[in-house]
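*Asks:* Work out the full structure: start from the sequences and follow the hints.
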Amino acid sequence: MTPLADIEAAITAVGPLPDVHAAADKLLRLSEEVIEHWVTARGEEPTSELREGFRLLALHRQGAKGDPSFNACRETCREIVYHYNLVTMQSELAETTNRLEMMKMISSHLYLFVSGKMQVAALGEFCCSAKPIRTSTDFDSGTTKEA
Amino acid sequence: MTTKDKYKKVAYYPGCALEGTGHAYNRSTKAVGKELGLDLVEVKNWNCCGAMEVKNVDPKLQTYLSSRVMSVAANEMDMDVVMAPCNGCYHNLKKAEYDLKNDPESVEVVDKLSKKAGHKTYESGQVETIHALDWIKDAIGEDGLAERVKNSLSGIKVANYYGCMYTRPRHIFPEKDAGPGSESTSKPHFMDDLLAAAGAENVEFPLKTACCGGAHTLSDSDMSTKLVLNILKAAKLAGADVIATECPTCHSGLEMHQIRAEKTLGETVDIKILYFTQLLGMALGLKPKKVGVHENISDSIKFLKAKGLA
Numbered sequence: 001m002t003p004l005a006d007i008e009a010a011i012t013a014v015g016p017l018p019d020v021h022a023a024a025d026k027l028l029r030l031s032e033e034v035i036e037h038w039v040t041a042r043g044e045e046p047t048s049e050l051r052e053g054f055r056l057l058a059l060h061r062q063g064a065k066g067d068p069s070f071n072a073c074r075e076t077c078r079e080i081v082y083h084y085n086l087v088t089m090q091s092e093l094a095e096t097t098n099r100l101e102m103m104k105m106i107s108s109h110l111y112l113f114v115s116g117k118m119q120v121a122a123l124g125e126f127c128c129s130a131k132p133i134r135t136s137t138d139f140d141s142g143t144t145k146e147a
Numbered sequence: 001m002t003t004k005d006k007y008k009k010v011a012y013y014p015g016c017a018l019e020g021t022g023h024a025y026n027r028s029t030k031a032v033g034k035e036l037g038l039d040l041v042e043v044k045n046w047n048c049c050g051a052m053e054v055k056n057v058d059p060k061l062q063t064y065l066s067s068r069v070m071s072v073a074a075n076e077m078d079m080d081v082v083m084a085p086c087n088g089c090y091h092n093l094k095k096a097e098y099d100l101k102n103d104p105e106s107v108e109v110v111d112k113l114s115k116k117a118g119h120k121t122y123e124s125g126q127v128e129t130i131h132a133l134d135w136i137k138d139a140i141g142e143d144g145l146a147e148r149v150k151n152s153l154s155g156i157k158v159a160n161y162y163g164c165m166y167t168r169p170r171h172i173f174p175e176k177d178a179g180p181g182s183e184s185t186s187k188p189h190f191m192d193d194l195l196a197a198a199g200a201e202n203v204e205f206p207l208k209t210a211c212c213g214g215a216h217t218l219s220d221s222d223m224s225t226k227l228v229l230n231i232l233k234a235a236k237l238a239g240a241d242v243i244a245t246e247c248p249t250c251h252s253g254l255e256m257h258q259i260r261a262e263k264t265l266g267e268t269v270d271i272k273i274l275y276f277t278q279l280l281g282m283a284l285g286l287k288p289k290k291v292g293v294h295e296n297i298s299d300s301i302k303f304l305k306a307k308g309l310a
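In order, the protein sequences belong to chains A and B. Counting in the working numbering, the first sequence runs from 1 upward without gaps. Counting in the working numbering, the second sequence runs from 1 upward without gaps.
If you're looking for bench data, these hints aren't it; they were derived computationally from the structure. What you were told as hints is all true, and nothing was included just to trick you.
Far from chain A by the CB rule (all over 10 Å, computed), these chain B residues:
hint : residue
1    : E19
2    : T21
3    : K44
4    : N45
5    : N75
6    : D80
7    : T121
8    : S124
9    : R148
10   : E201
11   : K289
12   : I297
13   : I301
14   : K305
15   : K307
16   : G308
Straight-line distance between alpha carbons at most 25 Å, and here's what the computed PhoX-like set of lysine-lysine pairs gives:
hint : chain 1 : residue 1 : chain 2 : residue 2
17   : B       : K236      : B       : K263
18   : B       : K44       : B       : K8
19   : B       : K236      : A       : K26
20   : B       : K305      : B       : K233
21   : B       : K187      : A       : K65
22   : B       : K34       : B       : K4
23   : B       : K34       : B       : K9
24   : B       : K290      : B       : K302
25   : A       : K65       : B       : K176
26   : B       : K44       : B       : K4
27   : A       : K26       : B       : K233
Below, a sample of chain B positions facing chain A; criterion: calculated Cβ distance under 10 Å:
hint : residue
28   : T167
29   : R168
30   : P169
31   : R170
32   : K187
33   : E204
34   : K208
35   : A210
36   : C211
37   : G213
38   : A215
39   : D220
40   : L227
Bear in mind that the values here come from a model prediction, so they are computed numbers and not experimental data. Every residue, glycine too, gets a C-beta built ideally from N, C-alpha and C.
*Replies:* Shown next, in the form of structure tokens:
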């Protein structure tokens, strides 16, 4: 597995030539590795299963189990898959270079979000309501207890 | 009463951000409402929705704070709809509504705190919380908006950026993903619909609900800058001239980190950032100042002049 710190540069280094197919494969693999890091850091074995034909989506689902804030990157993963399909299934089109470039940006976003979240677990907890709603610890802590 | 009629007069909950960094959103929302003949009645003596500071420490206290806003609207103002343009406030009020409908412990805590504070306890279902997008979409609609357009936004390519709180978590928004005409949590489109009705050309934008890094803008500014820079570059690559926003946190984050990216990373992305209400207001014939363009951090006037909107 590529070290997390090296993934950003690896994504940036992916170029369209000579083979856009290979480039899209590489970006998809790097995106999977980003989530593998997240899953591994949670003490789990990254799944090798597929979801809707993609391991990335299965990995995301695994990473979000018990941590709803991780859903803040669910659409990002789906967009990576969508762009992968666009690039690999319509690689003869003139837009392919642009689409690959977009896929790189989306992959970078995934990397930035996940690596940020690995430093500060609370990242995304406001934005996507990460904290499980209604936990006993929530109820027992803080002001409400004394109210 | 139809939804269209119901939304013609709503309780307006601006929230803290719209009195500070998001003041242009406040100004433009009110100006658009006035222009469209919609009545906004500000919630009396409103309080913080609980935002992230309270929610992260004690989610049930956040539920109470949001419930108080709804209680004032329902019990002291006799309103049945609360409109919150800020994604954070909208999200928190919806979350409180969900909690009070589904969690007896939350009901108990809210009742206890409401009694202590000396106001009527909010009961789930007393008001409906909506976003500014729902408000215009349902009260006026695309056709109604198109009829009122004086300065078409044609020739302006827009990337619509919704941020993450408008659609997540999906279970607190039961009205979304409810079939044709409803908002989608995975591919939101209400802002796209409204701006298209005003003549804008929406671009395909894959990061429309991606994280802007708002949550760690203070703890890790470099990360926020990189996330924003990525959003700006993706919008540019998608062909956009403008990123339209509907959240004050995202908006100020995009504007501030656009400048920070120039200073710290030497990366300049020439793309304008405007609230969707500012774009709609100008399409309805309002001058840029009326919709607070001068209050934005970035300067869009030259661009707006070139597009015939200023």
